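Could you build the full structure based on these sequences and the hints that come with them?
Each residue of the sequence shown is one higher than the one before, starting from 37 at the first, in our numbering.
Hints are not guaranteed to be accurate.
[As the list claims (entries may be wrong)] Quick list of in silico lysine-lysine cross-link-like pairs, DSSO-like style, CA-CA up to 27 Å: (1) K500 to K400; (2) K475 to K400; (3) K497 to K400; (4) K330 to K420; (5) K400 to K502; (6) K420 to K475.
Hint data in this document are derived by calculation from the structure and do not stem from the laboratory. Note that the coordinates shown come from a computational prediction; the quantities given were computed from them, not determined experimentally.
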Amino acid sequence: MTSQNATRVGPVHFQSLEEELRPVILYLSGHMLNAGCGSRDVTPYLLANGVTGVTKYDIASEDAEVVVGPLESMPFADGAFDSVLCNAVLEHVADAEGSMHEMARVVRPGGHVVVAVPFLQPFHACPGDFRRYTADGLCALGHRAGLEVVCVLPVHSIAQTLGWILWEYAQEKGGRVRRALAWAAAYAATRLSNRTDTALVRNANTFQAVFRRPIRKPLTPASAWRRRAVPVACARVPTMLMPGELRLLHYLAEERYTGEGAIVDAGCFLGGSTLALADGLRRNLRRRGVEEEKLIRSYDRFEIEGWTVGSFFPESARAGESFRPLFDRNIEPYAGLVDVHPGDVRLWPWEGGPVEILFIDLAKHWTVCDWVTWQFFPHLIPGKSVVIQQDYLYHHWVAWIHVTMEFYSEYFEYVCDTGSNSVVFLNTRRIPEEFLREKTVESLTTAEKVELMDRAAARFKGRKAKLLRSAKQHFLEMLEES
Numbered sequence: 037m038t039s040q041n042a043t044r045v046g047p048v049h050f051q052s053l054e055e056e057l058r059p060v061i062l063y064l065s066g067h068m069l070n071a072g073c074g075s076r077d078v079t080p081y082l083l084a085n086g087v088t089g090v091t092k093y094d095i096a097s098e099d100a101e102v103v104v105g106p107l108e109s110m111p112f113a114d115g116a117f118d119s120v121l122c123n124a125v126l127e128h129v130a131d132a133e134g135s136m137h138e139m140a141r142v143v144r145p146g147g148h149v150v151v152a153v154p155f156l157q158p159f160h161a162c163p164g165d166f167r168r169y170t171a172d173g174l175c176a177l178g179h180r181a182g183l184e185v186v187c188v189l190p191v192h193s194i195a196q197t198l199g200w201i202l203w204e205y206a207q208e209k210g211g212r213v214r215r216a217l218a219w220a221a222a223y224a225a226t227r228l229s230n231r232t233d234t235a236l237v238r239n240a241n242t243f244q245a246v247f248r249r250p251i252r253k254p255l256t257p258a259s260a261w262r263r264r265a266v267p268v269a270c271a272r273v274p275t276m277l278m279p280g281e282l283r284l285l286h287y288l289a290e291e292r293y294t295g296e297g298a299i300v301d302a303g304c305f306l307g308g309s310t311l312a313l314a315d316g317l318r319r320n321l322r323r324r325g326v327e328e329e330k331l332i333r334s335y336d337r338f339e340i341e342g343w344t345v346g347s348f349f350p351e352s353a354r355a356g357e358s359f360r361p362l363f364d365r366n367i368e369p370y371a372g373l374v375d376v377h378p379g380d381v382r383l384w385p386w387e388g389g390p391v392e393i394l395f396i397d398l399a400k401h402w403t404v405c406d407w408v409t410w411q412f413f414p415h416l417i418p419g420k421s422v423v424i425q426q427d428y429l430y431h432h433w434v435a436w437i438h439v440t441m442e443f444y445s446e447y448f449e450y451v452c453d454t455g456s457n458s459v460v461f462l463n464t465r466r467i468p469e470e471f472l473r474e475k476t477v478e479s480l481t482t483a484e485k486v487e488l489m490d491r492a493a494a495r496f497k498g499r500k501a502k503l504l505r506s507a508k509q510h511f512l513e514m515l516e517e518s
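Here's what the structure looks like:
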């Protein structure tokens, strides 16, 4: 090993640890924890670049300055450090999840955690070698520990990847000639290409992620979205949503979405909600540097209804015609973020994993409301997922939404509403399988529905409470007629 921590594994040359850290050094500041410091001491480099103090920590060390202990159970107070560095360590610990949670615990709110892990590397025990990470896998690991992703960067090049694999293959396979040829090839290739190929965003040798411990704040404080301008992306698209609803959706996608689950846009119409979510998602700092993918799942029948002709569609339009081409044209700049599901939503069973944002604007009948509940509620992430019931405060004919949310109220917390129409709920606990009903509204007796609707109305005052009581009366009349 040379000065400045250049590294060589057999014939394979790697850039120095200082060079690895150069792109992320601005995130390492204040009193820093070097978690899994090993024998490569970068303390002088860190102190010369803004870090004011370094605590070195490892599972074992003969250095008296190193605090010794397991990464998954560190002897430090919550928020003890301004930043944390963990370079080439998590692949060697048995409990990576626990270790990540510990690093998230000991960094202060607003502080950064920089983690480097291998993706395309051969087996190398130190003392064990348990796993590899894609960029997405590393991000998910941080999210599960409650951290926000700032950026993910590649480290090294294809030369280090192939050179190291070739050398380890020759070592394991054996043979003097084979080892000699592998040594020469790996030595030459990695000596000539000993720097990071920044174009490798998916197939890098190593990924280095910068995480941030969030500064906890209310989920949707009024000042966070009410004073926002209506997203420019939505300005020219006809929509039935109020300006406040567009602001809310944009805020949730930009400021609160972490990427742990999908965004469900159930009832997208001409794309107003879709654009608010997509533009917010594209501006989300946690998604910077991450390749775009279809994280928004949009649902609609895309059929013109008679009452919309002349207001949302030209007089020449006919009821029953498809407006899917208009939707596609409206969202075209964001098409790479949206997976469209046309037709009856009940034809699309949910198979997309966790759901982080669930926007519901198609529960126009209790059968659809029951189906959406049955399909999506089991996939909500406790403490993170939000459900936006767009019709909750809209009109007196959607009492089944009030029944549903009140029935599951033990597992949700009211967050805010937009004054009229949308109400936001935070999922606080996972709904037990034995409690979730396939046909929630349909399965309840009239007396049970009345009790739930009364409870829902009691949560509001004035005009909103009056609207919910009116919805109850209308619903009871519907039940009598049926």
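Going down the list of hints, with the structure as the test:
1. K500 to K400: holds, 19 Å
2. K475 to K400: holds, 15 Å
3. K497 to K400: It holds: about 24 Å lies between the C-alpha atoms, which stays within 27 Å.
4. K330 to K420: The hint holds at about 20 Å.
5. K400 to K502: With a Cα-Cα distance of about 20 Å, the restraint between K400 and K502 holds, given a limit of 27 Å.
6. K420 to K475: Judged against 27 Å, a Cα distance of about 25 Å means the pair holds.
The structure is consistent with each of the numbered hints, conforming to all of them.
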